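Model the placement of chain B with the ligand on the given structure of chain A, informed by the hints.
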Amino acid sequence: MSTLDKAHTSSRPVPNPKRSLITRLHMGTGVVVGIIFAALVYWALKNSLLTYTDKVADPLSPHDNNIVLLGAMFAWSIGFMAGIGAFIGPWRWLIGKDLTDEEILYLAGDGQGTKRYFKYCTDHKVVGIQYLVGVMTLLGVGGTMAMMIRTNLARPGGHFITATVYNSLVGLHGITMIIAMIIVATGPFGNYVMPIMIGAYDMAFPRLNALSWWVLFTAIPVLCSAWFLGGIPTGWTAYAPLSIQAGPGMNAFIATIIIFAVSTAVAGANITTTVIAMRTKGMKWNRVPIFVIGSTISVALAIPAFPTFMVSMIMTALDRTYNTGFFDANMGGSGWLYSNLFWIMGHPEVYVILIPGVAALMEIVPVFVRKPLFSYNAAIMGFAGIAGLSILVWAHHMYMAGWAPSLNGPFMVTTEMISIPTGLLFLVLIGTMWRGKPWMKLPMLSVFAFIWDFMIGGITGIYLSDVPADSYLHGSMFVTAHFHFTLMGAALTGAIGGLAYWYPKMTGRMLHERAGYISFWMVQIGFNVLFFGMFMAGAEGQPRRVVDYAALFRNSNLISTIGAYSVGTGMIILLWAVIHSWTKGKIAPMNPWGAKTLEWTVPYPVPLTNFDELPVITSDPYGYGKGK
Amino acid sequence: MADHSVEELAPTPGDRATRFLKRADVKQTTLFFIFWTALFVVLGIYFYPKWMPTIMSVEMKSAEKIMIWFTVISAPIAGFVLAVATTAFMNRHRGDTPPPDGPAIRTNGPVVAVWTVTSLVFALVAIIWGLTEMNGQAVAAAKDAKSAITIEVRGSQWVWTFNYPAQGIETHELNLPIGVPVIFDVKSADVNHSFWPVQLGVKVDANAQVTTVIHTTPDKLGPIDVKCAELCGLYHAYMETTGEIQSASDFDAWVTAQGGHKA
Ligand SMILES: [Cu+2]
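Protein sequence lines correspond, in order, to chains A and B. Sequential numbering from 1 applies to the first sequence in my numbering. Sequential numbering from 1 applies to the second sequence in my numbering.
Same shape as in the complex, but just chain B:
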């Protein structure tokens, strides 16, 4: 990466590359590069799936995938930066007087160019990935709209209320049938809240007077948590409830028990 060849006599490019790779600090940097890159890859792959709650929708899956893969993709870049820094750290100078001057490298055109293009490519990958996922979710939502059940979500200080218009019930727990697309029409009775059915991986603010919409399709049976993700005053922390993703028959039974009817 540096113009290490100041003292050399017209070496061939091959010679230069060989000498470069044989330099102690280059070897050191390469080792640290492998170490840090591997570490970031392992951290991303190990921790996020371990930490994140059960994945119960495509949206949640895509959030987790992005967290893992973006870590993996950025690992070599992070690895390189940290490798150079670690090598410098290992070759540190102690004492009360400054070290002797190093080589006067003002810049290095090719290095700056390669670096800039690399980060551009990296940014493009992230952008295209994100846009593709967003587009996929939007297309799925449009396709599923006809078969979807609609739930009117109302946030108020500090309760969530769910109205199932087709079923004619209103509850404070969010039960949903598995495999059926669901549209949440979200509104607030007072200040801003943010509707967050955690395991479904979607979220939208609840505002007064305007309805905001999100959709998802639960694809796994089991309990879910519903939280408020926008500071909404005194008991914001306690503005949470639970629900369950149920089989079609369980869901119908639950609706009936709530005094509603089959849609």
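Chain A on its own, in the form it takes in the complex:
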């Protein structure tokens, strides 16, 4: 930190550590080294595993092929990280010559312009932008897949795509969106805005911050390779034994999850440490902005959750390579073991996604209503209660699995208890609005959409949490519609609100308003039409994840597809607005919304160390209003 402290004077030359390897490495060298290393490992494994007869007759057995592919994928990730320079620091530290001050400054990327976005850059603001672009890319890819799925389902007997392609799309859409949604708020805003909000120079571990982004980056090509390796037939849940039976594309799924879990673990540790240790003077826990609290609880919840997913994937990989039979009942293993491990991650994960979105909206409402956040304590209890209960509810996804039916009762109890802390979140939002005159700007619109969507998602969730109703609804389109209302209608709407709110700080320009409004209404109306149709299909008895359906479901599916096209068009308009405004938007003032959190006290471009002098905090940032 001390180096960066000293460094912060506005006009100084770009640091140029002579002959340092660090200056010559970037994304390009990473890609080259990654590909070379992957090819080497591929070649070495393949040749060592081919027996003499195989060489003559046939390619590798499926098991050996899985070993080769997984090896090459991990090699790509490690090679890329080496090629971009991620290991220089640890290596120097190992041999006793840590990075020089000049090199540290160079890594922070100050004065390097656009170039630094393609480098192993430790500035949290650069990492935030990298995450934002990454999130938008993933949402774009996942959204395109959704459009293909809906197009195929527009009418019964439609053969726009084959069953193999369809099943792959369902799985890849799922996992792409889950990854995108996990990082959608904590990635861009957690990295760019949060350190400024708590009055810190940077994250606690700047180099780990760069690591978390670039590790995540290496997972993207791996995930895409699934497509070229025959796809994944399992959906994003990757249930065993189907995943064991699956073809080579499954390796890409496994490798993606393992790489992603490393990235989230690093990011989670970094964000929690930053918030605990680097709050500025006077920022007691009861003065921390609610978005910071929400994000911290969310990543803290992810820290124990994702390793479980990672372990389940390592075990799946072992089953697929060395025939370990962990999840194969015919070998004494159990598919239920997999489902348990998966959902022990999977249920906390939906709250990892949801909480930062809600927290972003809670940051927005007081600013636009010009009233204090209603019951800060209720907000914290809401988040903490949800996080606490969410680790006790996982088997509600398994009511109909036949596994331990006598546990269905207890899991129903814990699940329905979640409606209490969830209710507090609603109370905070409407309590803040009460007697206010909301300033109808884009961020505030998202709050209204959130309340409606999350209400529908919540009520339908109550039926699903109830065992006798779930015994009809489980595995149907009704479930798909329900979780899209929570993850997309609630969490993504929250994140889009956050984007509209923080865009001026992150880009220095205002988001194109008219395009934003058009996009908002197209997405929200389309979304509600889309998933109304899907609730209908589910209630009528259409299973989820089907490539085709009976004539009975014709109307409901057509409604869904029409809604989907509206969402798709709206999202394209939003994408246009984001790209267009980035360079051509109206120049934003320092504090366009008149907010009281610290990020609005720094100019754009935000200086390398954020503040000339760290601010001292004397109250929470919600001191709006007449009377007190």
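Keep in mind that the hints were calculated from the coordinates and are not lab data. Keep in mind it's a predicted model, so treat the numbers as computed, not measured. Glycine is no exception: its CB is placed at the ideal position from the N, C-alpha and C atoms. Take these hints with a grain of salt, some might be off.
Claimed, not checked - Computed spacing ranges between beta-carbons, pair by pair:
| no. | chain 1 | residue 1 | chain 2 | residue 2 | range |
| --- | --- | --- | --- | --- | --- |
| 1 | B | Thr-256 | A | Ile-562 | 47 to 53 Å |
| 2 | A | Pro-615 | B | Asn-91 | 42 to 48 Å |
| 3 | A | Pro-307 | B | Val-180 | 47 to 53 Å |
| 4 | A | Gly-140 | B | Ala-166 | 15 to 21 Å |
| 5 | B | Ala-189 | A | His-580 | 16 to 22 Å |
| 6 | B | Ser-247 | A | Arg-155 | 46 to 52 Å |
| 7 | A | Trp-521 | B | Leu-124 | 35 to 41 Å |
| 8 | B | Phe-35 | A | Ala-384 | 33 to 39 Å |
| 9 | B | Pro-49 | A | His-580 | 45 to 51 Å |
Frame of chain A, contents of chain B with the ligand only:
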């Protein structure tokens, strides 16, 4: 709900209540509350019975009942939340500068308490309702076990096979006699499937090597659909068949036609 009385001079509780209820935004909220609550009640009562297939068992009836009634019970809560939001939306501020500050309401103890207790009561109602239904189904199943017919259901990629051990037949269509309790012993020959006789409102996964069990009693004559509710690979969508709930004599005739015998 808010401390609206900051400027007032020691009003009595009665005065305060009257003034509160006379406020324009309170009236507005009340109207929206009635509107949204009614809307949710109507939606729940209208759509679910319209959408859901023929109810052919107690289990299916209970699923539908829960969907309707939980909507009705949550309607006032949803109605209140949406009413406050709608009122705020109607009183919105436009323009390029922020609106003037509103009242500085930091919190309101009684409101938070009432809200929390309400949601607790709501959660308890849902929990007790669900547990009672589950218990009822379990008791009925235990009582009916002796008179039940057993069917061994086997899921395999991508076919359902039904073995009637007592009747000595194996088929791919699921015919059942009306009014007779039925126990399904479900198993998979390969990956996970989920056995879903749609109109009977029950469901359980089919796993390799272990048998899972569900029971129900069909109580209405007519055709049924059997589907797979767990993604099981390439032709998951087509892993479906049909069957019929029949009168005792029709069922016996069908069994005989399949080459089986009366149990
Ligand atoms: Cu199946």
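Do the hints match the structure? See the list:
A hinted range of 47 to 53 Å holds for the C-beta pair Thr-256(B) and Ile-562(A), which are about 50 Å apart. Look at Pro-615(A) against Asn-91(B): about 34 Å separates their beta carbons, and that is not inside 42 to 48 Å. Distance hint check for Pro-307(A) and Val-180(B): the Cβ-Cβ separation is about 50 Å, which falls inside the suggested range of 47 to 53 Å. A hinted range of 15 to 21 Å is violated for the C-beta pair Gly-140(A) and Ala-166(B), which are about 58 Å apart.
A hinted range of 16 to 22 Å is violated for the C-beta pair Ala-189(B) and His-580(A), which are about 56 Å apart. Between Ser-247(B) and Arg-155(A) the beta carbons are some 38 Å apart, a value that contradicts the proposed interval 46 to 52 Å. For Trp-521(A) and Leu-124(B), the hinted distance range of 35 to 41 Å is satisfied, since their beta carbons lie about 39 Å from each other. Range check, Phe-35(B) to Ala-384(A): Cβ separation about 34 Å, and the 33 to 39 Å hint holds.
Evaluation of the 45 to 51 Å hint for Pro-49(B) and His-580(A) yields a pass: the beta carbon distance comes to about 48 Å.
Hints 2, 4, 5 and 6 from the list above are not met by this structure, while the remaining hints are.
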